[in-house]
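Here's the letter readout for the chains.
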Amino acid sequence: MATLPVEEKIAIINHYDANPEQALNILVDLQFASADGYIDQETAQLVADYLGMTETRIYEIISFYAILKEQPQARYVLKICNSSPCHFSGERAVSTGLKQILDVNENETTADGMFMYHGIPCVGACAQAPFVKIKERVFANLTFEKLEALIVDLRAGRYPEL
Amino acid sequence: MAANDNVLMARFGQYIDATDVQAYCKQEGYEGLKHVVSLAEPADFLDELDTAMLRGRGGAGYPLGKKWRHLFYSENDPKYIVCNADEGEPGTFKDKALLEYDPLAVIEGMTIAGYMFGSPQGYIYIRGEYRNLHRRFTQALEHARQANFLGENILGVAGFNYDIKIISGAGAYVCGENSALLNSIEGKTGRPRVKPPHLADVGLYQKPTLVNNVESYADVPVIARMGGQAFLDLGTEDGGGTKLICLSGHVKNRGLYEVKLGTPIHEILYSPNYGGGSSTGRPLKFIHFGGQSGPIGGVAELDDCAYSYDGLSAHDLTIGSGAIVVMDDSVNMVDYLTSVAEFFAHESCGKCTPCRIGSLRILETLQLFQRRDAVPGDLEVFESMLTHVTQLSACGLGQSIATSMVSGMALCPDEFEQAINWALPKRQEVSW
Chain A
1 MATLPVEEKI AIINHYDANP EQALNILVDL QFASADGYID QETAQLVADY LGMTETRIYE
61 IISFYAILKE QPQARYVLKI CNSSPCHFSG ERAVSTGLKQ ILDVNENETT ADGMFMYHGI
121 PCVGACAQAP FVKIKERVFA NLTFEKLEAL IVDLRAGRYP EL
Chain B
1 MAANDNVLMA RFGQYIDATD VQAYCKQEGY EGLKHVVSLA EPADFLDELD TAMLRGRGGA
61 GYPLGKKWRH LFYSENDPKY IVCNADEGEP GTFKDKALLE YDPLAVIEGM TIAGYMFGSP
121 QGYIYIRGEY RNLHRRFTQA LEHARQANFL GENILGVAGF NYDIKIISGA GAYVCGENSA
181 LLNSIEGKTG RPRVKPPHLA DVGLYQKPTL VNNVESYADV PVIARMGGQA FLDLGTEDGG
241 GTKLICLSGH VKNRGLYEVK LGTPIHEILY SPNYGGGSST GRPLKFIHFG GQSGPIGGVA
301 ELDDCAYSYD GLSAHDLTIG SGAIVVMDDS VNMVDYLTSV AEFFAHESCG KCTPCRIGSL
361 RILETLQLFQ RRDAVPGDLE VFESMLTHVT QLSACGLGQS IATSMVSGMA LCPDEFEQAI
421 NWALPKRQEV SW
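Those protein sequences? They're chains A and B, same order as listed. My numbering puts the first sequence at residues 1 to 162. My numbering puts the second sequence at residues 1 to 432.
Warning: the hint list may mix true and false statements.
Sample of chain A residues at the chain B side, in silico, Cβ under 10 Å [stated by the list, open to error]:
id	residue
1	Glu21
2	Gln22
3	Ala23
4	Asp29
5	Tyr65
6	Cys81
7	Ala93
8	Thr96
9	Gln100
10	Thr143
Taking lysine-lysine pairs in the DSBU-like style, the calculated list, with each CA pair at most 30 Å apart, reads [said to hold, decoys possible]:
id	chain 1	residue 1	chain 2	residue 2
11	B	Lys426	A	Lys133
12	A	Lys69	B	Lys165
13	A	Lys69	B	Lys34
14	A	Lys133	A	Lys99
15	B	Lys252	A	Lys135
16	A	Lys133	B	Lys252
17	A	Lys133	B	Lys188
18	B	Lys188	A	Lys99
Hints listed in this document are in silico derivations from the structure and should not be mistaken for laboratory results. In this text, a Cβ means the ideal position worked out from N, Cα and C, and glycines have one as well.
All chains, please: the whole structure from these sequences, using the hints.
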């Protein structure tokens with residue numbers, strides 16, 4: 001996937017009137033539009049210039065907020081809620097299941113760059129546990145078999161929107 | 001409670017597009033705003049709010065009428081209206097449902113506030129994890145503007161100019177703390193401010209600011225429509241209205257429900273209309289109320305207790321956000337609290353030492369208990385640590401880490417005692 005052309009980045013910034021109040025909206029949108037799911041240094045500098053903020057302040061924001069990333073991410077990042085309601089409702093089966101299926105530890109990317117999984121705090125899908133969340137989509141009430149099928153489907157590109 | 005008694009979920013799924021203003025108006029939408037605008041004195045509505053005894057639905061339970069009165073008489077302008085939609089308490093998903101299925105009710109509540117305080121600008125801070133709801137809310141705002149329920153001279157009232165902006169959160173639990181949330185809106189890192197001053201005096205951009213939860217705003221048009229007394233009558237003397245509750249954990253029917261305040265907890269857990277009893281076949285053991293920052297109560301102890309502010313308060317418990325996380329007897333309290341401690345150690349913003357270091361030490365001690373490596377005296381050390389973190393932390397996050405720990409230890413003291421190797425000598429030195 002190609003990186004986002006600079007004109008499109010500027011369009012996102014201007015959509016929010018280049019207002020520092022909208023720094024989070026802008027950074028989150030830029031990250032979602034990016035190929036590798038992170039804010040690269042060039043993009044951080046661009047946002048800083050347009051918002052009249054220093055690059056340091058932009059990186060302060062990126063490093064403070066958990067959703068914003070400073071490093072390239074795997075093609076599919078599978079998020080597992082590890083807060084108490086989910087943790088005791090089958091979360092462990094999902095994390096051990098993924099370790100077995102993908103053969104990597106939490107926060108490690110598979111050799112082909114396709115998958116990474118990690119725990120996150122609550123995403124408000126507590127009634128659907130155990131689940132994984134990829135971008136905006138929740139895959140609910142998982143079993144080991146469903147999890148295996150999901151990985152096969154993702155590899156086969158059956159979720160192009162993710 | 002029967003579905004047709006619902007006041008907050010009444011419109012859920014009733015029309016195809018929840019952002020459609022005309023459909024909203026056909027179901028009592030904007031009647032609350034029209035009523036408030038028709039009042040000779042806006043202050044009269046403050047009396048209705050007091051009568052209604054609406055208590056803040058974000059978790060703190062502070063009477064909304066008092067908060068609004070404080071801001072009403074706060075001098076200095078402009079005044080800002082902020083909606084806290086940074087729903088992050090694990091086990092809570094009610095604000096998500098309101099934003100998804102009835103966003104215009106939240107907008108109407110915020111617009112009533114805008115009128116009452118002569119505010120030019122409202123903000124809604126929606127957590128980053130609810131990114132799909134940003135689009136829906138943007139559309140609802142656009143439809144409200146087209147129908148002149150936002151913009152200039154709203155409802156034909158000269159000078160009633162008001163609009164609402166959406167701000168995205170980005171995955172920081174601490175931004176649910178109101179002052180941290182305001183810093184985040186200002187484009188800063190979302191760390192809490194030192195209080196006082198009160199946000200109603202010195203809030204967003206140092207101006208008087210109202211910050212309320214999504215569900216609280218959705219309740220405001222209901223009060224305007226039905227009147228304070230009728231709203232109070234839906235609940236109990238100590239807290240009027242209905243409450244959205246989020247059932248999760250080991251009950252059969254997990255999900256979102258609307259209950260009248262005062263509904264028996266036994267009914268919420270076991271009635272087929274709500275929880276439906278245990279999903280695991282094992283007896284239900286304890287309930288964690290209101291998210292990670294809330295207290296833990298025993299299912300057996302609460303058999304006769306009503307789900308209301310005063311009912312729970314009699315057991316030293318609180319409603320909080322409305323989360324009801326139910327665990328069966330397979331869950332050991334030490335294990336459960338270790339999971340809670342992991343959350344706080346992860347989410348502490350790092351600004352103040354007691355919370356930054358304390359949350360980590362609490363986690364380490366609980367892990368020690370889990371391994372059964374603790375020695376006599378460690379429980380006392382743990383308890384003092386909890387007291388210190390509660391008393392010395394700067395904001396509500398650190399101050400509430402111990403809430404679940406203290407209530408959980410009181411409920412299952414034996415499970416903590418089993419974590420101690422009593423054969424070892426007592427810890428003599430103080431470990432800090």
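Taking the hints in turn, this is what the structure says about them:
1. Glu21: Because about 6 Å separates Glu21 (chain A) from the closest Cβ in chain B, which is inside the 10 Å limit, the hint holds.
2. Gln22: 7 Å, holds
3. Ala23: It holds, given that the least Cβ distance between Ala23 (chain A) and chain B is near 5 Å, below 10 Å.
4. Asp29: At 8 Å from the nearest chain B Cβ, Asp29 (chain A) passes the 10 Å test, so the hint holds.
5. Tyr65: 3 Å, holds
6. Cys81: Cys81 (chain A) check passes; min Cβ-Cβ to chain B is 8 Å, inside 10 Å.
7. Ala93: Not OK, violated: Ala93 (chain A) not within 10 Å of chain B, min 14 Å.
8. Thr96: 16 Å, violated
9. Gln100: Cβ of Gln100 (chain A) sits 22 Å from chain B, so the hint is violated.
10. Thr143: 15 Å, violated
11. B:Lys426 / A:Lys133: 47 Å, violated
12. A:Lys69 / B:Lys165: 25 Å, holds
13. A:Lys69 / B:Lys34: This hinted pair is violated, its Cα atoms lying about 45 Å apart.
14. A:Lys133 / A:Lys99: 16 Å, holds
15. B:Lys252 / A:Lys135: Cα-Cα ~28 Å, so holds.
16. A:Lys133 / B:Lys252: With Cα atoms ~23 Å apart, Lys133 (chain A) and Lys252 (chain B) stay inside 30 Å; holds.
17. A:Lys133 / B:Lys188: 28 Å, holds
18. B:Lys188 / A:Lys99: 37 Å, violated
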